[in-house]
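Chains as they are written, first to last, in our numbering: chain Y, 1 to 340; chain P, 1 to 340.
Where hints are given, some of them may not hold.
Same chains, same label: a pair holds when it works inside one copy or across any pair of copies.
Unchecked claim - Below, simulated DMTMM-like cross-link-like pairs (lysine to aspartate or glutamate); rule was C-alpha separation at most 25 Å, straight line:
hint, residue 1, residue 2
1, LYS129, ASP282
2, LYS148, GLU222
3, LYS133, GLU32
4, LYS219, GLU134
5, LYS133, ASP11
6, LYS234, GLU274
7, LYS273, ASP59
8, LYS133, GLU274
9, LYS273, ASP131
10, LYS133, GLU55
11, LYS228, ASP209
Derived from the structure by calculation, the hints contain no laboratory data.
Listed below, chain by chain, are the residues.
There are 2 protein chains.
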Amino acid sequence: MVRHNLLIMSDLVGSSEVRRLRRFANVYRSSELDKKTLADRLRQTDALLISSWPEILTDGTLRSMKRLRFIQGILVGVEHIPFQALARKVVVSSNAGAYSLEVGEHAFGLLLSAAKRVVDTHNSVARGKTDFKEFRGTSDDILVLRGKTLGVIGYGGIGAVVAGLGRSFGMNVIALSRSRRSASGSRGGGGLRFVRGRGALTSLLAGSDAVVLALPLTKLTEGMIGAKELSVAKGGAVLVNISRGDIVNQAALYEHLRRNPSFRYATDVWWYKEGRETLVTDYPFTSLPNFVGTPHISGPTAVASGRPVRMAVENTLRYLRGLRPKNVVKRSEYYRSIVL
Amino acid sequence: MVRHNLLIMSDLVGSSEVRRLRRFANVYRSSELDKKTLADRLRQTDALLISSWPEILTDGTLRSMKRLRFIQGILVGVEHIPFQALARKVVVSSNAGAYSLEVGEHAFGLLLSAAKRVVDTHNSVARGKTDFKEFRGTSDDILVLRGKTLGVIGYGGIGAVVAGLGRSFGMNVIALSRSRRSASGSRGGGGLRFVRGRGALTSLLAGSDAVVLALPLTKLTEGMIGAKELSVAKGGAVLVNISRGDIVNQAALYEHLRRNPSFRYATDVWWYKEGRETLVTDYPFTSLPNFVGTPHISGPTAVASGRPVRMAVENTLRYLRGLRPKNVVKRSEYYRSIVL
Chain Y
1 MVRHNLLIMS DLVGSSEVRR LRRFANVYRS SELDKKTLAD RLRQTDALLI
51 SSWPEILTDG TLRSMKRLRF IQGILVGVEH IPFQALARKV VVSSNAGAYS
101 LEVGEHAFGL LLSAAKRVVD THNSVARGKT DFKEFRGTSD DILVLRGKTL
151 GVIGYGGIGA VVAGLGRSFG MNVIALSRSR RSASGSRGGG GLRFVRGRGA
201 LTSLLAGSDA VVLALPLTKL TEGMIGAKEL SVAKGGAVLV NISRGDIVNQ
251 AALYEHLRRN PSFRYATDVW WYKEGRETLV TDYPFTSLPN FVGTPHISGP
301 TAVASGRPVR MAVENTLRYL RGLRPKNVVK RSEYYRSIVL
Chain P
1 MVRHNLLIMS DLVGSSEVRR LRRFANVYRS SELDKKTLAD RLRQTDALLI
51 SSWPEILTDG TLRSMKRLRF IQGILVGVEH IPFQALARKV VVSSNAGAYS
101 LEVGEHAFGL LLSAAKRVVD THNSVARGKT DFKEFRGTSD DILVLRGKTL
151 GVIGYGGIGA VVAGLGRSFG MNVIALSRSR RSASGSRGGG GLRFVRGRGA
201 LTSLLAGSDA VVLALPLTKL TEGMIGAKEL SVAKGGAVLV NISRGDIVNQ
251 AALYEHLRRN PSFRYATDVW WYKEGRETLV TDYPFTSLPN FVGTPHISGP
301 TAVASGRPVR MAVENTLRYL RGLRPKNVVK RSEYYRSIVL
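Construct the complete structure from the given sequences, taking the supplied hints into account.
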């Protein structure tokens with residue numbers, strides 16, 4: 001077996017993981033190389049293990065990496081990878097599934113926070129609204145989950161966790177998924193229905209009391225929730241985003257929240273600006289009582305568990321040992337030249 | 001069968017419920033009687049259907065109600081009833097179980113809001129903390145529920161819902177209950193352990209990552225969570241209160257939250273002052289990032305479902321028809337002369 005050169009460009013990978021990788025490859029860490037050695041090394045690199053995209057890997061540098069065949073990401077999303085500058089033969093693997101537990105739980109934290117109006121009523125009390133009578137009517141907007149319908153858009157690892165928790169709360173779950181799946185993947189059997197194809201998104205939005213976005217940001221999903229989609233959603237629905245901010249059209253969402261105080265948006269992910277996610281939004285979302293936003297903390301919680309690095313290393317080992325890596329992304333669905 | 005005189009002293013009971021009750025009793029509504037007629041009627045009343053305690057029912061008035069034998073509450077708690085002024089022969093029934101679904105869900109809303117740091121990070125972003133780097137370290141305090149231990153103190157209807165949801169999140173559940181119960185009451189079998197007796201509270205608190213208080217306020221439970229109990233709890237634990245504020249010692253809690261920023265308290269219920277629950281606290285809890293408080297909105301959500309009134313009417317019908325009413329409270333455990 002050919003011994004590959006693997007370059008690790010992430011501080012998240014610990015020394016025990018490096019030792020495992022060394023059994024099957026020559027392993028280098030960019031943080032331990034001076035600039036000139038790194039430049040030489042890059043030209044000899046067969047495989048890359050990265051978390052966020054290394055700034056040093058400009059399009060020009062990438063073009064000089066003639067031996068590059070494999071990129072393994074530690075993050076779950078790969079939309080930050082400049083696919084247009086990668087040679088066709090480069091295979092990219094995401095880290096799908098590594099974050100499912102933590103991000104799925106966080107999705108339910110956001111969903112329940114918004115459904116039970118925790119943030120806005122807490123803040124009202126904190127601001128001095130201390131007469132119970134002033135909260136009469138609040139219960140009209142409290143969403144009881146049992147018996148209601150949860151729409152899950154994207155049924156990967158995170159979507160499956162979210163759907164399972166929804167079933168536990170006694171919700172009927174509709175999952176929108178590109179790939180046909182049997183209901184055998186669901187917990188508890190029954191109460192989980194898959195939809196796909198034309199009209200599926202509209203019917204899911206129209207029929208759901210809560211909707212969780214759990215799909216990657218690609219050419220196909222960017223802006224998929226716009227004014228038209230929001231207009232068919234139920235008036236008192238809760239929309240949760242734990243995938244990527246840009247799945248939702250920012251201007252359309254702000255207008256919809258402003259006009260429909262019973263509709264709620266709860267998110268852990270924020271919109272991109274100049275290629276980077278930022279907490280600075282184009283509209284004053286945090287001034288709205290029907291907006292809840294946490295600063296992208298679900299992913300780091302998963303990273304802290306060590307699982308994402310372990311899973312990325314496992315998959316890199318598959319590649320290094322000549323096996324087919326898992327989670328290979330469809331490059332044609334991603335782009336970098338236009339946005340991000 | 002003797003036809004009882006039932007007086008309804010709550011606006012929550014609708015006309016269809018009144019019609020059902022009229023089949024078995026002479027039914028009067030205090031809101032439809034003038035002062036003098038009401039005074040006469042009270043002396044002839046055998047049974048009362050109430051929600052919050054009617055101010056007109058002073059100790060003196062109660063003593064004049066020689067025929068009174070039964071009081072049915074629509075609220076789940078009965079600690080507002082002046083037991084010391086009631087003749088021994090008066091049976092009081094709570095509305096246990098009527099609020100379990102909504103209050104149990106709300107408990108999980110509070111638990112996840114605190115576990116995932118939704119409120120404090122949302123507010124930090126809203127106040128202009130818009131650099132993701134400033135939130136590094138946040139994940140250290142994010143509690144992932146799967147595999148952790150949930151302590152449920154009080155295993156009535158609400159406690160059972162909370163325990164079931166805990167199991168759904170993959171938590172090991174310890175339930176403190178006075179009555180011995182088999183694990184057959186648990187969902188999914190296994191993962192639920194009952195504890196009781198001396199030392200059970202301490203060991204539950206010491207071993208739990210999240211604790212939910214789900215027990216009535218009685219002589220036995222008032223102030224049961226004080227400085228000593230808080231001191232044995234895990235440093236990063238989340239304590240959720242959806243029963244009554246006075247289960248927890250207010251001063252001890254404030255001090256504990258101030259000294260232990262990773263410990264969190266999330267509540268829907270507030271302390272009594274001069275016999276009434278109030279959102280005005282003795283300490284500035286809402287200034288602490290590790291305090292989350294909603295203004296007692298879980299109960300009204302249940303009331304809005306109509307179930308509490310239906311269940312209270314069902315139980316009243318049992319009494320009127322000569323059957324033994326359910327949820328008869330142990331009067332000796334309640335007091336009014338000392339506090340509230």
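Hints, verified against the model:
no., hint, result
1, LYS129 / ASP282, "between (29 Å within a copy, 16 Å between copies)"
2, LYS148 / GLU222, "neither (28 Å within a copy, 36 Å between copies)"
3, LYS133 / GLU32, "between (63 Å within a copy, 24 Å between copies)"
4, LYS219 / GLU134, "neither (46 Å within a copy, 31 Å between copies)"
5, LYS133 / ASP11, "between (53 Å within a copy, 16 Å between copies)"
6, LYS234 / GLU274, "neither (33 Å within a copy, 43 Å between copies)"
7, LYS273 / ASP59, "within (20 Å within a copy, 67 Å between copies)"
8, LYS133 / GLU274, "between (47 Å within a copy, 18 Å between copies)"
9, LYS273 / ASP131, "between (42 Å within a copy, 13 Å between copies)"
10, LYS133 / GLU55, "between (55 Å within a copy, 17 Å between copies)"
11, LYS228 / ASP209, "within (17 Å within a copy, 43 Å between copies)"
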